Structure formats: structure tokens, C-alpha cells
Amino acid sequence: MDNKFYITTPIYYVNKEPHVGSALSTVCADIVARYQRSIGKEVFFLTGTDEYGAKIALKAGSEGKSPKEFVDKVSQQFLKAWKILNISNDYFIRTTDPQHEKYVTEFINKVYEKGDIYKAEYEGYYCIGCEEFKTEKDLTQGHCPIHRPDQTIFQREENYFFKLTKYAPKVLELIENDEYQVLPEQKKNEIISKLKMALDNNELPDLSISRENLEWGIRIPWDEKHAIYVWFDALLNYYSALKINNSYDKFWPADFHVVGKDILWFHTTIWLAMLLAVEERLPKKIFATSFFTIDGQKMSKSLGNVIRPADLVKRYGVDGTRYLLATSLPYHDDGDIGYAKFDKRYTAELVNNWGNLVNRVLGLIKSKNYTVQKFDYDKEYFLQVEDLFSQFRLHEILQLITTEVSKVNLKISEEKLWKKNGEEFEKEIEEIIQNIRKIAFNLEPFMPETSSFINNIFSKTPSVTEQILFPKLN
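In case it helps, our numbering puts the sequence shown at residues -17 to 456.
Calculated from the structure, these hints are not laboratory results.
Check each hint, because a few of them may be wrong.
[To be verified] Capping the alpha-carbon separation at 27 Å, the derived lysine-lysine pairs in DSS-like fashion look like this:
(1) 119 - 280
(2) 96 - 152
(3) 266 - 148
(4) 37 - 145
(5) 389 - 401
(6) 280 - 296
(7) 37 - 101
(8) 296 - 50
[What the hints assert, rightly or not] DEER-style ranges, computed between Cβ atoms:
(9) 431 - 366: 22 to 30 Å
(10) 261 - 70: 30 to 38 Å
(11) 155 - 334: 19 to 27 Å
(12) 266 - 131: 33 to 41 Å
(13) 119 - 341: 52 to 60 Å
(14) 80 - 334: 48 to 56 Å
Quick caveat: nothing in here was measured; it's all calculated off a predicted structure.
Think of the CB as a built atom: it goes at the ideal place given N, C-alpha and C, for glycine as much as any other residue.
Given only the sequences and the hints, what does the whole structure look like? Please build it.
What follows is the structure, encoded as C-alpha cells:
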């Protein structure tokens, strides 16, 4: 069905509160969802929280809470953050939802009945932070390179395994041929290289999908001593959410997954293999965002440099925050942000460019006693935008919009519009107002409140000469 569009964010692990990284993925997915609605698509936009696993049980215990109390608290923080950022999701899934558990159980039973799950003893290194078994090649000086050394432990236990190796060659073929399109291209090449090397050297293990001594997890239906591995459970949220909402027939499979680069392996190799095992239709496309550093440093609580969505909104407003996140999207490599960079961009591109344009035109209308005409304007997107949206190049779309705003500002100056009168003034101001409204339409997925506000004030003769569109920073 060409008229439907299903987009997802990662479901956020509740060991951390919402921060600028999770806000980036969610805002950018929201922008794409809004664009698809604007061109007439029926959209299902999913986000949510990932709430099971050993790491959650440990974190809850450290705060003197039961795991359920802990995940209830943190999931509410995500709901609140997305409301503040004007996120237009159609559903918010929690993996502790009994309905999600039901569909996970049904799915794993299908894989088991097909003969693609077996029991065996496993021994090796396990990273608590990643909740993932590691090979020695994954380790740096004997531990996971992205988590504290004490998070890497040597573990021996009996687990159930999924025959990942059975499906990996087909997964590689799908990714190489863009039947499952991985963006950006650099990330696609990294996944292909990792998969090829593992297959060529016979180093790709089957996937351990259970934990024997884990209480906080969905039980293996045929052996309740075991809990389902958190990743086998979590990935199925994209499937279960539609089942829960009676929307599977209309929207499956996903058109677009948005994830962080650290979980791309799970969302390519493991996710596709799981779906192949039960002969499900496969998702179409995935985009992996790179990471942010904050003023050149990794974001961490201990450094006190965590940037929270509410802090951004307090400083820049909702739409200002959405704009700054989208323009800062780290596309190929990790990006660096911070309040100084945000302040500079907000002032230059929003206060001095957009805000200045709106108030210059309002001033001209007032000074010339011009009555705004109730004309229609072409609601169309700039050329190239459809392709840029499909490639998740949101920052480039905003560059086009910013360029158009600058052109209108320049036209006012070059034409010295304030010196013109009568029909000559009216002709040129009408053209400028049409351009502003057209630009505002293009801006709507990114800054919906600002877009609506601009169109409203230029749909009738304003009663004031100035509007505070983007307040100056203190």
C-alpha cells in the first residue's frame, strides 16, 4: 500500500532519563512522520521504552525500588519529554505491557517450533552495559570499549540459542542489494564488512536468546526457568505495537526505522534473521544516527554535561529546540554540540533571519496601511525535498529553507521596498507574503507551531507591527 507509512524510533532503555541524544532521534522521526502526513500518507509513528533486562534490575535495586516501580517512573519521563517536544507519535509502547509479552511469546514459539532454537552451554565474556555476549575481538584490553571494565564479566551458563548463522548469508544479500536499505552508506558498508568477515572466518556465533538466572524478563514459554534475552524481546516491539493496535494488516512492514549507530547490528543482522525465521515481510529502510559529544567531551552525569530536552525548551522554545536538533543531526560522523553552538545558530538563523524577516514585513504592512489579500498560495515543497526526506538529510532541507528566507530578506533590501508606494508596493509585498507562506509550509514538519503562526499572521492584516517569533537570548 503506497499510501501508508510506518516509522519507528528506537525504544529507549530506561536505565537513563531522556537526553539530547534520545531527543534527536525522536524529533527527527517526528519530522519525517509529519512530512509524510502532509503529502497525504496515512502514518503510524511508534516510539516507546525498553524495560526488561539485568541492567534494569540492578539500577532499580540501587535506587531501592522494585523493577516495576523503577520502569514506571522512567517511562513517564520519556512520555513527558516527548509531549514537551510536540512529538506526534501514534502509539507509545512499553515492553512490560502484557500484550507485548503475549506477541513476543507467540513469536518465539514459532521460531522454536520451526527448529531454529536449541539449548546449549555457553561460556564467554558478557558486557552488562550492552547486555550482549562478546567475542575476544569485540574487547579492548579484555573489556568492552564503551563501558566500564567491571561491566565485562566471564560467564558460563546453559542458554537457548537462535540459529543466527542459518540466516546470516541471506541477511548479507538483502543489505548488499538494498532490499533492506541501510543509511547512511558508510554505516551500510560497516555492517556488510562485519558480516562478511564473520562469515568468511566462521566467527559468527548463533545468538544466545535466554538467561537462566534473570528474574526481570519475559519467560521462555516452554522453559520458565529462562527469561528471553532483552534484545530478542525488544526488537519485537515494532511488530507487537501494530498487533496491539489492530493495525498490522494496514502498516506492516516498517517503512523506516530510526536508531542510534550503537544498535545498528541488532537492527540489521539479528532483526532480519528473526523475521526470516518466521517468514515475515521485512522492513524497508533504516537510518542510524551518529553520536553527539558536548563541547568535545562524551556526555555523562559525572561530567555534569548532560543536556535534557526540558532544558533546551526552556532556553530556545519548542520549535527552536526542534530546529537546533535537526540542523545538528550527525549524519556520517559524530557531531559536537553545546550551548555556545546552539546559541550562535539560534541567534543567526532564527532571531536574525526568520524573526527579522517577519518583523520587517509586518512593519512595511503597517507603515503603508496595506491590507493583506486573502489569496491562495501554492502549498508545495521545494525541489529535491522528497529525496532528501527519504535519505534522512533533514539538515540539508533546513539549509534550503534558510537560504530561501535569506533571499526574501535580501530582496527587501535590494528593492528598497520601504521607498515604494501604491501598486508597485502592493505587487511586491504580495509576492513576498506568498513566498513567506510557502516557506512556512516547507517549515511545518520541523517547526509546526511557528509555521502555523506565520501563516495565520499573514492571512489577515496584522493589528501590531511586531511579533516576538524567536525571543533574543539573555
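Tested hints:
no. : hint                  : in the structure
1   : 119 - 280             : holds (24 Å)
2   : 96 - 152              : holds (18 Å)
3   : 266 - 148             : holds (21 Å)
4   : 37 - 145              : holds (25 Å)
5   : 389 - 401             : holds (19 Å)
6   : 280 - 296             : holds (23 Å)
7   : 37 - 101              : holds (24 Å)
8   : 296 - 50              : violated (31 Å)
9   : 431 - 366: 22 to 30 Å : holds (25 Å)
10  : 261 - 70: 30 to 38 Å  : holds (33 Å)
11  : 155 - 334: 19 to 27 Å : violated (51 Å)
12  : 266 - 131: 33 to 41 Å : holds (40 Å)
13  : 119 - 341: 52 to 60 Å : holds (59 Å)
14  : 80 - 334: 48 to 56 Å  : holds (53 Å)
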